[in-house]
Amino acid sequence: MREVWIVGIGATPVREHWDRSLRDLAWEAMHRALEEAAGLQPQALFVANMLAPLTAHQTHLGTLLADYAGLEGIEAVTVEAAGASGGMALRQAYLAVASGALDAALVVGVEKFTDVVGPEVEGAMAATLDADYEAEPGLTPAAQAAWLMQMYRERYNAPETAFMPFALLAHRHAVGNPYAMFRRAISEKHYRHGAPVAPPMTIFDMAPYADGAAAVFLAARDVLPPELPRPAVRIAGSAAATDRLALHDREDPLAFTAAARSFHRALEEAGVSPHQVDFFEPFDLFGVYVPLTLEAVGYADPGRAWQDAERRFGLDGELPILTLGGQKARGFPGGAAGVYQVVEAVWQLRGQAGDNQIAHARVGVVQALGGPASTAVTHVLQRP
Amino acid sequence: MELARHWRLKKQRYALQGEVCPHCQTKIFPPRDICPACKQEARTDHTFSGRGKVVAFTVVTQPPKGYEAQAPYVVALVELEEGPRVTAQLTDLGDEEPYIGMPVEMVTRKLRTVEGERGIIVYGYKFRPRLTVAQRA
Ligand SMILES: [Zn+2]
Chain A
1 MREVWIVGIG ATPVREHWDR SLRDLAWEAM HRALEEAAGL QPQALFVANM LAPLTAHQTH
61 LGTLLADYAG LEGIEAVTVE AAGASGGMAL RQAYLAVASG ALDAALVVGV EKFTDVVGPE
121 VEGAMAATLD ADYEAEPGLT PAAQAAWLMQ MYRERYNAPE TAFMPFALLA HRHAVGNPYA
181 MFRRAISEKH YRHGAPVAPP MTIFDMAPYA DGAAAVFLAA RDVLPPELPR PAVRIAGSAA
241 ATDRLALHDR EDPLAFTAAA RSFHRALEEA GVSPHQVDFF EPFDLFGVYV PLTLEAVGYA
301 DPGRAWQDAE RRFGLDGELP ILTLGGQKAR GFPGGAAGVY QVVEAVWQLR GQAGDNQIAH
361 ARVGVVQALG GPASTAVTHV LQRP
Chain B
1 MELARHWRLK KQRYALQGEV CPHCQTKIFP PRDICPACKQ EARTDHTFSG RGKVVAFTVV
61 TQPPKGYEAQ APYVVALVEL EEGPRVTAQL TDLGDEEPYI GMPVEMVTRK LRTVEGERGI
121 IVYGYKFRPR LTVAQRA
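Protein chains in written order, with this note's numbering: chain A, 1 to 384; chain B, 1 to 137.
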C-alpha cells in the first residue's frame, strides 16, 4: 500500500443556503481544494451524498459534479452510507490511491436539506433506517436516538443532564469556527429549556440539519509536488465496519460495536495507540452517540463518559473532542458531514484552527457514523 | 411499486409471521432465512404470540411524511415473549402512560395512507397495553 496524503481541502459555511444549489455548493468546496493542490489533477471524483435522490430528485451526482466542475471525462461515482457517506467516500478514494490504481483523487461531500421542509426531511432521514421494519411503523432517527438516551439513563442510572456536556462543548467550540452554523456558547439553563423533539430528547440533543459542501484532495506520496501552498497531512489509517441495520436486531443497542471495530482497526493500521491521539472527532448527529462512542472505543468506562466530561473532553482536556463544534453546532450537512470532520482535523494538524488550536496536535482521529453506528468509518490523520 | 411491497409483507404485518431455526431453535422476526444466532439456513415458518413488553419508547412530535395526521404518536422498542425485538407504535393507551417493562400485545391497525397511489391504506402491527394480563393471572 502506498502512503496517501491530503494536499488540499475546501468547504462552504454550513447554513440554510436557500439561494444556492447543490452543484454550486459542491463546486465552491471542490474549487478551494483544487486550488490548494498546486496543479495536481484528480483522476477520479468521489461524491459523498445521502439524500439527493429523495430531496432533490437527483441521482447520478458523480457525473453531474464532474461535469459542473469542468473535470471533463474523469471517473466519478457517488458513495452513500447514510451519515457516514463522507467518511466512506474518503475511504474509497483512499483505497484507490493506496492501492496504486489512482495517483490523485478528489472527494466532495454535499447536501441540500433546505429544498424540502419538515415531514419530507424527516421522511428522507427515516429512509436511512430499515424501511420495512423501522420506518414503516413511524420511527425516525431522532426517535431512535431518544430510545438510546432512555436506555442509557435507565441502565446506568444516569441523570437527565448526562448528555448536556456534549452539547455545551460543541457550542463552545463552534464559536471559533467561521463555517459553523451556531457560533454561540450555551449554558446549562439553555440546555434545560430546550424545545422537546422526542422525549427525553430536545433540540440540544440533536444536530440541526443544514446545507453545505466540503472537499478533500488526496494524492499518493510519490506524486506530491516539492512545493505545496499548505503542509500535507497523511492518512495513516482508515477502516470501516457495519452493524445490524435495525436497532431492534441488536443484542445490545448501547454497544456501538462498529464504532469500536473501525476505530481499533484504523489505529492499528496507523500504528498508533489510543493514548497517542491528540484529539478525536466523534459523530454527534445526536448527543447520545458521543458517550456511546467514547465508551465503545475505550476512552471512558461504560456509563461514565458524561462524568466530568466538560473538563476531560474540552480543548485543554486530556482528549479534546468536537474541537470545532461537531455536528451539533457546526451543523449536520448529511453526506458532507464526514468530509467536514476531515477538513476540521486538517485545520488542527496544519495549525490553522485559530482560537481552537490544540497545541502540538500531531495525531487526530475522525469517525463518521451512519445511523447509531450502523456504519462506522474511522480515519487517523497525522502530520509529519 | 409500493402496492407490491406492502402485499409482500402482509404475513409479517398482519400476523407477525417469522421463522424458527431448525438447528438451534432461535425464533426469528422479521424473517431473514439465515439464523442470526448460528448463521445456518432457517426457513421454517413460525407465528409469534404477539405478547411482549416495552423496552424503550418515545413520542414522535416531528413525523415523517405520511404520518402527520397521527402525530404525536408513541413509538416503542418491544421485546416479544419469544425473544426478538420489534419497532412498533403503541396504541389504545387511553389515559395510561407507557413505561419500561409495560406488558403489551399486538393488534392490527392502520399505519398510514400512501399518497398518490390510489389512496392505499397500509395496515400493520401496533401494540396495546395487554388486556389478557388479568385473565392469565
Ligand atoms: Zn440457528
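Treat each hint with caution, since some may be false.
To be verified - Coverage of chain B stretches by chain A, computed from C-beta distances (three or more under 8 Å per stretch; other residues unrestricted):
#1 59–72
#2 81–95
What the hints assert, rightly or not - Sample of chain A residues facing chain B (criterion: CB under 7 Å; computed from the structure):
#3 18
#4 117
#5 119
#6 122
#7 126
#8 137
#9 139
#10 146
#11 191
#12 194
#13 198
#14 199
Said to hold, decoys possible - Using 20 Å as the maximum straight-line C-alpha spacing, the simulated SDA-like pairs for lysine to any residue come out as follows:
#15 B:10 - B:20
#16 B:39 - A:189
#17 B:39 - A:257
#18 B:110 - B:83
#19 B:110 - A:251
#20 B:27 - A:245
#21 B:110 - B:68
#22 B:110 - B:120
#23 B:110 - B:121
#24 B:27 - B:53
#25 B:27 - A:252
#26 B:53 - A:250
#27 B:65 - A:127
#28 B:39 - A:250
#29 A:189 - A:203
#30 B:110 - A:123
#31 B:65 - A:57
#32 B:53 - B:121
#33 B:110 - B:72
#34 B:53 - B:83
#35 B:11 - A:132
#36 B:10 - B:50
#37 B:65 - A:257
#38 B:27 - B:17
#39 B:110 - A:119
#40 B:53 - A:53
These are calculated hints, taken from the structure and not from any lab test.
Quick reminder that beta carbons are idealized off the backbone N, C-alpha and C, glycines included.
Which of the numbered hints are not met once you compare them with the structure shown? 3, 4, 11, 12, 16, 18, 19, 32, 37, 40
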